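Student: Next come the chains, spelled out residue by residue.
Number of protein chains: 4
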Amino acid sequence: MKIAYIGGGSREWARKLMFDLALCPDLEGHVALYDLDLESAQLNAELGNWLQTQRGVVSRWQYAAVAARSAALAGADFVVVSIQPGSLQVMADEIAIAEKYGLFFPVGDTTGAPGLIRGLRAATIYAEFARAIAAECPRAWVINYTNPMTICTRTLTRVAPELKVFGCCHEVFSTQEYLARLIAARLGGDPPPRHEIQINVLGINHFTFVDRAFYQEHDLLALLRAHLAEPDVLRPFTRAEVEAGGNWFQDNRQVKWSLFQRLGILPAAGDRHLVEFLPGYVVSPEELFRWGVIRTPASYRIQRWRDAMHSTRDLIAGRSPLELRPSGEEGVQQIRALLGLGDWVTNVSVENVGQIGNLPHGAVVETNALFTRDQVLALPAGALPPSIHSLIARHVANQEMIVQAALTGDKEMAFHAVYNDPASGLTVDRAWSMFEEMLEASRAYLPHFTKSN
Amino acid sequence: MKIAYIGGGSREWARKLMFDLALCPDLEGHVALYDLDLESAQLNAELGNWLQTQRGVVSRWQYAAVAARSAALAGADFVVVSIQPGSLQVMADEIAIAEKYGLFFPVGDTTGAPGLIRGLRAATIYAEFARAIAAECPRAWVINYTNPMTICTRTLTRVAPELKVFGCCHEVFSTQEYLARLIAARLGGDPPPRHEIQINVLGINHFTFVDRAFYQEHDLLALLRAHLAEPDVLRPFTRAEVEAGGNWFQDNRQVKWSLFQRLGILPAAGDRHLVEFLPGYVVSPEELFRWGVIRTPASYRIQRWRDAMHSTRDLIAGRSPLELRPSGEEGVQQIRALLGLGDWVTNVSVENVGQIGNLPHGAVVETNALFTRDQVLALPAGALPPSIHSLIARHVANQEMIVQAALTGDKEMAFHAVYNDPASGLTVDRAWSMFEEMLEASRAYLPHFTKSN
Amino acid sequence: MKIAYIGGGSREWARKLMFDLALCPDLEGHVALYDLDLESAQLNAELGNWLQTQRGVVSRWQYAAVAARSAALAGADFVVVSIQPGSLQVMADEIAIAEKYGLFFPVGDTTGAPGLIRGLRAATIYAEFARAIAAECPRAWVINYTNPMTICTRTLTRVAPELKVFGCCHEVFSTQEYLARLIAARLGGDPPPRHEIQINVLGINHFTFVDRAFYQEHDLLALLRAHLAEPDVLRPFTRAEVEAGGNWFQDNRQVKWSLFQRLGILPAAGDRHLVEFLPGYVVSPEELFRWGVIRTPASYRIQRWRDAMHSTRDLIAGRSPLELRPSGEEGVQQIRALLGLGDWVTNVSVENVGQIGNLPHGAVVETNALFTRDQVLALPAGALPPSIHSLIARHVANQEMIVQAALTGDKEMAFHAVYNDPASGLTVDRAWSMFEEMLEASRAYLPHFTKSN
Amino acid sequence: MKIAYIGGGSREWARKLMFDLALCPDLEGHVALYDLDLESAQLNAELGNWLQTQRGVVSRWQYAAVAARSAALAGADFVVVSIQPGSLQVMADEIAIAEKYGLFFPVGDTTGAPGLIRGLRAATIYAEFARAIAAECPRAWVINYTNPMTICTRTLTRVAPELKVFGCCHEVFSTQEYLARLIAARLGGDPPPRHEIQINVLGINHFTFVDRAFYQEHDLLALLRAHLAEPDVLRPFTRAEVEAGGNWFQDNRQVKWSLFQRLGILPAAGDRHLVEFLPGYVVSPEELFRWGVIRTPASYRIQRWRDAMHSTRDLIAGRSPLELRPSGEEGVQQIRALLGLGDWVTNVSVENVGQIGNLPHGAVVETNALFTRDQVLALPAGALPPSIHSLIARHVANQEMIVQAALTGDKEMAFHAVYNDPASGLTVDRAWSMFEEMLEASRAYLPHFTKSN
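Residue numbers (this note's numbering), protein chains in the order written: chain E, 3 to 455; chain S, 3 to 455; chain W, 3 to 455; chain F, 3 to 455.
Calculated from the structure, these hints are not laboratory results.
Since this is a predicted model, take the numbers as computed values, not measurements.
A portion of the hints provided could be inaccurate.
Identical chains blur together in the list; that is why a pair holds if it fits in one copy or across any two.
[Unchecked claim] Here are the simulated EDC-like cross-link-like pairs (lysine to aspartate or glutamate), alpha carbons at most 20 Å apart as the crow flies:
| no. | residue 1 | residue 2 |
| --- | --- | --- |
| 1 | Lys102 | Glu289 |
| 2 | Lys166 | Glu219 |
| 3 | Lys166 | Asp213 |
With the hints as extra help, turn the sequences into a complete structure.
Tutor: Here it is in C-alpha cells:
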C-alpha cells in the first residue's frame, strides 16, 4: 500500500499520522512525503523511518521525501493533504487588517474575511492538486486535513468529481468528550469512552451542530439542559480570568451553551471557531473576553511552527523521550475501513447527497458517515432547524462563491462572499476596502486577482 | 360589484382608492368600509359619497361604513385591507427599544426587530381576517396594502390557501420614475412615461431588485453604470445637508447605488427601507447620515395621522379645494384586469410558484405578474444572483418563522426570526433581552406570547 | 429586419409565413430562404416576391434563396426553422417496421419508436443548427416548426443555452375552436372568436392538456362534461364510417373525450397524435378504427409533397386564383410582440423554468406565455395532476434521452428511450430488434450509431 | 421486552420469527399474538411455548394469543405485522378478472391491477393499524412483512408519521446468493457467505436494482456480463421445460438477465415479480413460458395455507421431526441492532429521505440501511439511471395514489393508479371495466368504494 502525503513536511498532522500508523498492526507499506519545503519533508521521513526501529512499534512502514509531486502521487492508494495555504505571515497580516475594520478574529483560518481570503488561496492551490491526483492516481482516496476544510474539500470535488474525497476534523470529538464527563459528573461513574456517545452531527466543518445525543438510554441534551439551569454555569467572563487561563486554545463553552439555550440545538465546535461564524461576537476583544474567548496571537503560531522542527530533531537524537500514544485522530481507522478491515462510523466532510435535507446538493457538509470497503456513505442527518438554517446556508453559499471565484478568477464573486459574511456586518464600501487590502496582502498567492476595478 | 374595505377608516389608502375609483369610467358598485375606528370609517364614507357629487367624477359608487366585519365582507367581489397592526405608540416604543440596543431604524414597519414584532401582531390579526374572508366571500380577490406586506399576505395564503390574494406596493415605481428621468438627462428629450420603463423585478417587498431594465433598445442599467462613474455621484453625505433636505421621506440613493456598484444588481426600494434589510447601516444616526438617510420621527407619524381627519373635513366643507388626480397606485387598473377589462402587467407580492427560481415555493415574493380575467399569473423572473441571494433568503426564512410563530404561539420561533435578522447583528443574549422588551411593549396585542421562559 | 428561414424550400410552413407577412401592415424587411433543396427555396423566393405585386398585399418584403446557410443566417433578427429530418421514405420505412412489431402509428412524427428515431435524426441536425445560429446571429429569436417539436427545440437550448428559442404549434387551437362551437351549440349564438376562449395549457407538444377553460363566466369544462353525458356522444366507431369520412386528418374526439371523462383533464391535441402517446391504442388498425382514428398513409404524404410544387407554379402563372387569407398560425403576431408592437399571449414550447411545477427544469414544455418586447415569459400553469403526470414525465424523460443520445452518440441511451416508450409496450428483446431495424433504415442519417453491440 | 405480532396466526412469517428467536441467545421476553383468526394465533402460541422446551433452544420467550388488538399492542417494544389483506379467494378472483382482459399475473400480490386493488384493501386496514399503534405503543419499532410491502409501509408512515417503521423482504438475498454461486463457478472455490457480497440496492420492493456488486476486489457485474456473453445462457424457454421444473417458485433469470444486458442495471427480484412491473410480459401464458416464468395457481396457495396448520400440529405432537435452523430472514438481527447489540447493514423499505436521489421524498423505497441503536439510517444509494428511472417513478406514483385513495375514499384516484400501471397497457375504457369488476370482487373489504360513478 502506498500513501502519498502532500504537505509531507507538516509539523503536526504528518507526525500524528506516523505515530498512528506505527501503532496499527494490520497495515504496512510506504509513504511518499512531498512538500514545497523539502527539508521539512526529509526530516519527517527521517523521523518515520527512525520510528520503525523503536520499541512498541507494531507495523512496517517506509518513508521517503519525494521532490516531485507527480512522483509522490503516482500509484498512491491514499493521498493525505495537509498544507499551509500561504505563509503564517499572510495569515497574521489579514487578521491585522480585519482589526482595522473592527473585526477581531480569534483563529482566522476558516471563515470571516481572513478565512475566506485564505480559502481563495487554498482553492487556487487545491485546483492544481485535484488535477494532479486525477492524473496520477485517480482511484486513490483523498483525505484532507487543511483549513478551510470545506473549501479545500469542495475544490477537489468540483475540479475532479470522479475523485473519492473526504475531509477529517477532530473538532466534534471534544463535544463527545465533554458529554462523557458530564455523564460522570451528573450520573456518577467514570466517563464512558467517547465512541459510546452517540450523536447526530449536522452542519459544516467548525460550524456543526448536534440535535440528538444519547449514551445508552440517557438523553444527553436533556442532561445538558438540566446542567445549564444551575446557577453560574452560564455567566459573563472577565478578561483577567480568561488571560489567567494561560491557554491559547481554552474553550469556556459560554457561546456554545447560550446558543443551545436559545436556539435549541447544540454547537459542536469550540467557541473560538464558533464566534467567527456568528454576528456580534468578534466586534471587540472585550466582547470576546465576556464570552471567555481569547485570540491566538500570530506570534505564538509562528513560534510553535519554528519549535516543531527542533523537537523532532531532539526526539530522533534521543534528547527527549518517545511517547507512543494514539493521536486521537481517526485517519488510520478510516483507512482500515476503506480497505475492508471493519466498518467504522464517524463524522466527516463530504459532498451533500441529501444527508442534510435542506442544504444544497454538492456543497461539502459535515455529518456522520459509514466507512466501509471502498465507500464513504453519509448517514442521513435530517434537516437543519430554522433557528440555525439560514445562518449555515449563508456560509455554504459563501464557500461555494469562494471556490467558484478561485476557479474562474472572478474578483467580484470573491467580494460577494466577503460581503455576505455574517461575522463582518460591514457596509458595502467598508467591506470593499477591507477586501482590497486583504487581496493586496495575498498578491503573491493570487496573481490572477488584480487590484484594478 | 361590491368592494369590502377592511381598515376602511384608513386616512391614506382608502382615500387614494376613492379618488381612483372616481376617475374610472367603467366600474361601478358599492364599497363597505369596516374599521375598528368606526368614526373614521364613517368620515371616509361621507367623503366617498360627497365625491360622487363633484365635477369631473365619471363613475357611480356608493359608500357605507359597516360596523360588523362579517356584514362588510358578505358577498364582496374584492376585499381591500389596509390597517395599522397595533397603535402608532407601540411602533414608537419598539423603535425606541431598538435604539437602546444600538439599532436605529428609519422606518421600522417591515423588517428588523421592530418590523418583525409588528409582523407578529399583524399575522395574529390577519389569521382572523383569512378565516373571516374564507367564510364570507371565499371567491373574492383580496388586495393587501398593510405592512409588513410580505408577512400579511403570507398569513392570508397560509391560513386560507384557497383565497385569491395579492399585495400591492408602489415602492418600485419610484425606481422606474428615476430611470425615466435619467433617460431624459443623459439621452435628451422628456422623461418617458413610467410604464414604458421595462424592468425585471425580483425579491421581496421593500427589498426588491432589478436585474434588467430597458427603454426601447436602451439598456438602462448600463446607462446608470455610466452615470455612477461620474465624479461625486457616489459620495458621503453630511448630517447638515440631510437635515436641510427638510423631507422625512427623502431618498438620496447612495445605498442603492453603492450596492448596484458592488453587487451588480440594482435595489428598487428607497434607501430608508433598504438599510433596514442590511447589516452595518442602522448602527448609528451618523452612519445613516453618511448615506443620506434620515429617520422618520414617530411624533411626525402621529401628527400626520391626526391631521388627516381635519383635512378630510375641510375638503368636504369646501374649506380646501378638491384636486382630482390619479393617486399613482394601480389598484383600480388591477381590478379592471381581473374583471376581464384588459390585461395589465405590474409588480406584485404573491406566493412563489417558481417565479423566483431559488426562493422556496409558497413564500410570498415580489415580481412582475400578468393580471388577466380572474387570474394573477406571476411572470418568471429568474434566479437571484449569489451576491444577494442568501441575504434575501434569510429574510424570507425570518418572515416564514414569524407567520408560523404567530399561528402557533411559538415564542422561541419568533425569537429565532429576530435573532437571525441581518440588520441586528446582536449576540444571542442581547437579542433575547431586546426581544423580551419588545414583546412586553406589545403585550396588549400578543397575549399568547407570555413573558415566562 | 431580416428573417432567415432554414428549410426555406418548405412547401407548407414557408408559404403560410409569406401569406401572413403579406397581410401584416407594420413589418417589412427581407427573408433569406435556405434549403438543402435549393430549387424549392428558389421557387418559394419567386412566390414571395410575386406576392408583393398582388392586390391586397399591405407590406414590403424581399425574398431571396441563399445557397450557404451561414450567409442566410448572418445578421438575422429572426430565424425560422421548418425542415424534414430525413426523407419521407425513411418515415414510411420506420412506420412499416413498427407494424412488424404490432404497432400501428397514425402519424409517426412525434413519439413512439418512429417519432423517437426521427428525433434522433432531428437532434443530430439541430445540434449543427444551434452552433451555426450561435455563430452567425446569437441575438436572433429562433422559431421552430419542425417535428418532433420538443426534441428539436430542446436540442437548440441544450447545445446553445444562450439562444432565444421557442417552438410553435397550432394543435391546441382546434380545441379552442371546438369549445367555441360547443358554446354556440349549447348556449346559443355564434361561436365566439378563438382568442376569447381562455384556457390553461400544460404538457408537452402534441400531448398538452387543459385543466381550466372559460369563456367569460362560463366554465367550459363543465359544459363539455354535460355534453359528454348525452347519449351516443361517446361511442365506438366502425371502420366503415371512419373510411367514409374521407379525410386523413379527421378527429372524432373519442380518445380525447374518454380520457377527459376518466382522468378529469382534457387533452388538447388531435386523437391521431394522442393515441401515439398512450399504451393500448396503436395495437391494431381495428382498435384505432374503434376510436375513430385513421392512419395517414405514407403514399399520401409523398404525393402531397410532390403536388405542392405544381400548385405553387400554377399560382404564379395565374393558372389558379390567389386567395389571401391569414393562415391561422401566429408566427407574425409573435414577431410583432417581440419587436415591442403589442403584448401577445399564446401557447408555446419553451424550456421549463417552473411554469409546470412538477416537470424537470430545462425540459421543453408547452404552456401559455406572454410575448413582450424581446422576451417570451412562460405563464405559470400549475402542476400536472397525478392522473396524467407520470405518463407525461415518462415522455419527457424519453425526449431528454434522445437529445442526449444524439449529442453523445450513445446508442444504449437511444434504446432506453425507445424501450421506455409507453405506446410500444414490447419486451426488452423485441424492443431491441425493432430499434436495430429502425437504426438500419436511418443509417444514412445516423452514421455515428453503428450496428455493432 | 415485548413483541406484538399483528397477524399472529400467520402460518409462515410467525413461525420463522419463532424459530429465529429460539436460536438467539441474547434476547428474551414475551410475544403477544393477535389475529382475526384467533384459533391460528392460539396454535402459534402453543407452538412457540412448546419450542422453549426443545433441545437446542437457547432463549426464553413466552407466547400468548391475545383476543384484543389494543391489549396485544399495549406497551410493545416491537410490533411485527404480517397479514393477508383480504381472503385468498379474493386474490384468486382478481387474478382471474385480469385474465379476462388479457393480463396473466404470476403472483398478483404487489403490483398490476390485482396488486394495486390488494393495496387498496391493505392500506384501508393499515390505516387502522397505524392509529392503533400510535395510541398503544407510539415508541415501538414497527416491522412490516405484508405485501404489497411498499403500500403497507407507506400507509403507516402517512397516517402516523411519528412511528418508527420499516419493511423487510428477503427477495434481494437470492441475488446475493446467486452471485456467490457465480463466483464459485467462475473463480473457483466455495461460494462465499451471502453477507460478503457487497451490493448497492436501489428501487422499490420487488422492483429493486443493483448497480454495484463486489466481492472483495471482484466486480461481480463485470463477472455476470462475461457469463451472459456465453452461448445459451440467454435463451427462450419452452412451456414443457418450465412445467417440468416442477416448482411454482422457480426463477430462470431470463427476464433479469436480459434487462441487465440491455438496460445496464441488474434487477434484484425474482422474474415472477419482475414481469409484473414491466410492459409486454404478462400478455399471455406463452410469452411468460418463453421467459421461463410460471404462474402460481391460486389453488396451490389455498392448499398450502390449509396444510400449514396440520404440519404445525404434527410437529408439536412429535409426528414430524423438529429441525432448528435459521430462517434466512433478518428480523432478529435487526431487532438486536435496534437494541444496541451491534450495528447491522441490510436492505430495507423505509421512507425516502434522499437515499435515492431522484425519487420523491416520503415515498417508501428500498435500499441498504444501517441499523444502530434505536435508528434505521438509510444509506445513500445514488440516483436511478434514466434507463429505469421513469418506470420506477411511475410505480411509485401509483403506490402513492393507492394510499391516498384508500385514505380518502377517492375512487377516481384509485382508478388513475390502475390506469397508469405499466404492465396493464389497456385503453382507458377497458381499464375502467376491469377496475370496476375488481372493486366489485372486493366490495366486502372496500365498502367506501361504491359502484356508482
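Student: For this structure, which hints from the list above don't hold up?
Tutor: Violated hints: none at all, because every hint is consistent with the structure.
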